[in-house]
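Residue-level listing of the chains:
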Amino acid sequence: MTITKTQQGSSLNIALEGRLDTITAPELEAELKNSLDGVAGLTLDLKGLSYISSAGLRVLLCAQKTMNKQGEMIIKNVNETISEIFMITGFCDILTIE
Amino acid sequence: MSNVNFKAEGSRITVFFEGHIDSANAPQVEQEVNQAKNSGAFTDATLDCEKLEYISSAGLRIILRLRKDIPTLRLINVAPEVYEILDTTGFTEMMEVQKAYRVISVDGCEVIGQGANGKVYRIDRDTIVKVYLNPDSLPDIQRERELARKAFVMGIPTAIPYDVVRVGESFGSVFELLNAKSFAKLLTNDPSSLDEVVRMSVELLKKIHSTELKPGDMPDMKAIVLGWVEFLRDHLPAGQYEKLHRLVADVPQDNHMIHGDYHIKNVMLQNGEALLIDMDTLCMGYPVFEFASIYNAYAGFSDLNHENVRRFLGISYETANEIWEKTLRLYFDTDDEKRLREIEDKAMLIGFTRIMRRSIRRNGFNTEAGRAEIENCRRRLAELLPRVDTLTF
Chain G
1 MTITKTQQGS SLNIALEGRL DTITAPELEA ELKNSLDGVA GLTLDLKGLS
51 YISSAGLRVL LCAQKTMNKQ GEMIIKNVNE TISEIFMITG FCDILTIE
Chain F
1 MSNVNFKAEG SRITVFFEGH IDSANAPQVE QEVNQAKNSG AFTDATLDCE
51 KLEYISSAGL RIILRLRKDI PTLRLINVAP EVYEILDTTG FTEMMEVQKA
101 YRVISVDGCE VIGQGANGKV YRIDRDTIVK VYLNPDSLPD IQRERELARK
151 AFVMGIPTAI PYDVVRVGES FGSVFELLNA KSFAKLLTND PSSLDEVVRM
201 SVELLKKIHS TELKPGDMPD MKAIVLGWVE FLRDHLPAGQ YEKLHRLVAD
251 VPQDNHMIHG DYHIKNVMLQ NGEALLIDMD TLCMGYPVFE FASIYNAYAG
301 FSDLNHENVR RFLGISYETA NEIWEKTLRL YFDTDDEKRL REIEDKAMLI
351 GFTRIMRRSI RRNGFNTEAG RAEIENCRRR LAELLPRVDT LTF
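So the sequences go chain by chain: G and F.
For the first sequence, the numbering used here puts the final residue at 98, and the numbers step up evenly by one.
For the second sequence, the numbering used here puts the final residue at 393, and the numbers step up evenly by one.
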């Protein structure tokens, strides 16, 4: 998985590419832990994401909880496979998907 | 060829739609629907769309008129193409519409597990399907799936429950493939991992118990336990029954999550993280109820026959006892022997209540082993009741 960060003031854009699974979820978790200080708007761009496992979903959930306290989090460019997983798991009710 | 069939049963009617329904055949379809509807006094209607391939606005109007007469009308087995039509036209918001189950084949798939209820197949790199032998298992599958989904969304580490599918005549539940080993297996492979296993399971247990739910999200364990107690009314001396009932009734209402069947076979290790499985017993309540089921798993069910725990968890009675002891010490962060035994008494009281009810319900009075177990529970409860004055800790 490739994580690409673009920061503009208090807005942070993170683009994910590849598979967000048990192996790669800790990478994203660590990346978010180090980057969210002072961020008021977090955008996760999932355009290049091909798969997400439960470990990956839990990282998103955790990020959402952090952002609930300090601003907002938006998920964009969700493809059909990932969108279906969000639907089935009920994550579409928790996340803000554009 | 007719596009309509129906089946009536008392006040319930099921109408089956088939093929294409559009302006060309709508009048004919409507006439047949009316005949079906007028063949009895129906208050409950289902429209089974399994074989429906297409429906135009003329067809949708028939559904609306049928719903006007029988407002409980629900649509089931709706194929994806038809569901899309119903969704765009707003029908899915107006009435209950259930999608058809995806049909999958497990021909040529690797069998990766087999249990009493069914077989587990790997269907691709990331997913498995558990196919249930019993074709009537659908309500149980859906119940467990819903509980697991709720827990997952609340941040409990578990596998994602995907959708329910049809596999031939059976139903299957699709899950994410875990690359994990159960704590039971870890312990059998390496007995020296016991402390680590206990540490991780207590950590996960605390996470579960600190997860707060809304009333009604999951079954209320206190109500369930009161049911067990009431079942024993005629099997216990009146004084004992009353005290047991009062003790359970006095347990405070608590909306935190409880797993309900927490032991080393239901926790898995994946990449250093503990994951919870077997979510069908999830409920909410005061943690004493959790400790009752943990006590039973490690000691209660083996109280008379110490071999039971080896058959059930693959570990010796002594090891099981050690896990129970260490779990209590770590969870309650104490080595105070008196406090530990008090907590244990509370767990045992509910534990033996449950075993006694279970034995009686399983025809225990008619077998020698059953009678011995019931008698043992009676003895245990009689011993414990004078010592316990509250179930809180």
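The set of hints was computed from the structure by calculation and includes no laboratory data.
Bear in mind the structure is a predicted one, so any value in this text is a computation, not a measurement.
Take these hints with a grain of salt, some might be off.
Unchecked claim - In silico lysine to aspartate or glutamate, DMTMM-like type, Cα no more than 20 Å apart, as pairs:
1. G:LYS69 to G:GLU17
2. F:LYS99 to G:GLU84
3. G:LYS33 to F:GLU322
Said to hold, decoys possible - So the derived list for chain G, only partly shown, Cβ under 10 Å to chain F, looks like this:
4. THR22
5. VAL39
6. LYS47
7. TYR51
8. ILE52
9. SER53
10. LEU61
11. MET67
12. LYS69
13. SER83
14. ASP93
15. ILE97
16. GLU98
What the hints assert, rightly or not - If you want a taste of the chain F side facing chain G, the calculated C-beta under 8 Å gives, among others:
17. ASP126
18. TYR162
19. ASP163
20. ASN179
Don't be surprised by glycine CBs; every beta carbon is placed ideally from N, CA and C.
Cross-check of the supplied hints:
{"no.": "1", "hint": "G:LYS69 to G:GLU17", "in the structure": "27 Å, violated"}
{"no.": "2", "hint": "F:LYS99 to G:GLU84", "in the structure": "14 Å, holds"}
{"no.": "3", "hint": "G:LYS33 to F:GLU322", "in the structure": "38 Å, violated"}
{"no.": "4", "hint": "THR22", "in the structure": "5 Å, holds"}
{"no.": "5", "hint": "VAL39", "in the structure": "21 Å, violated"}
{"no.": "6", "hint": "LYS47", "in the structure": "20 Å, violated"}
{"no.": "7", "hint": "TYR51", "in the structure": "6 Å, holds"}
{"no.": "8", "hint": "ILE52", "in the structure": "9 Å, holds"}
{"no.": "9", "hint": "SER53", "in the structure": "6 Å, holds"}
{"no.": "10", "hint": "LEU61", "in the structure": "6 Å, holds"}
{"no.": "11", "hint": "MET67", "in the structure": "15 Å, violated"}
{"no.": "12", "hint": "LYS69", "in the structure": "15 Å, violated"}
{"no.": "13", "hint": "SER83", "in the structure": "13 Å, violated"}
{"no.": "14", "hint": "ASP93", "in the structure": "8 Å, holds"}
{"no.": "15", "hint": "ILE97", "in the structure": "15 Å, violated"}
{"no.": "16", "hint": "GLU98", "in the structure": "20 Å, violated"}
{"no.": "17", "hint": "ASP126", "in the structure": "6 Å, holds"}
{"no.": "18", "hint": "TYR162", "in the structure": "5 Å, holds"}
{"no.": "19", "hint": "ASP163", "in the structure": "6 Å, holds"}
{"no.": "20", "hint": "ASN179", "in the structure": "7 Å, holds"}
Violated hints, listed in ascending order, are 1, 3, 5, 6, 11, 12, 13, 15 and 16; each of the other numbered hints is respected by the structure.
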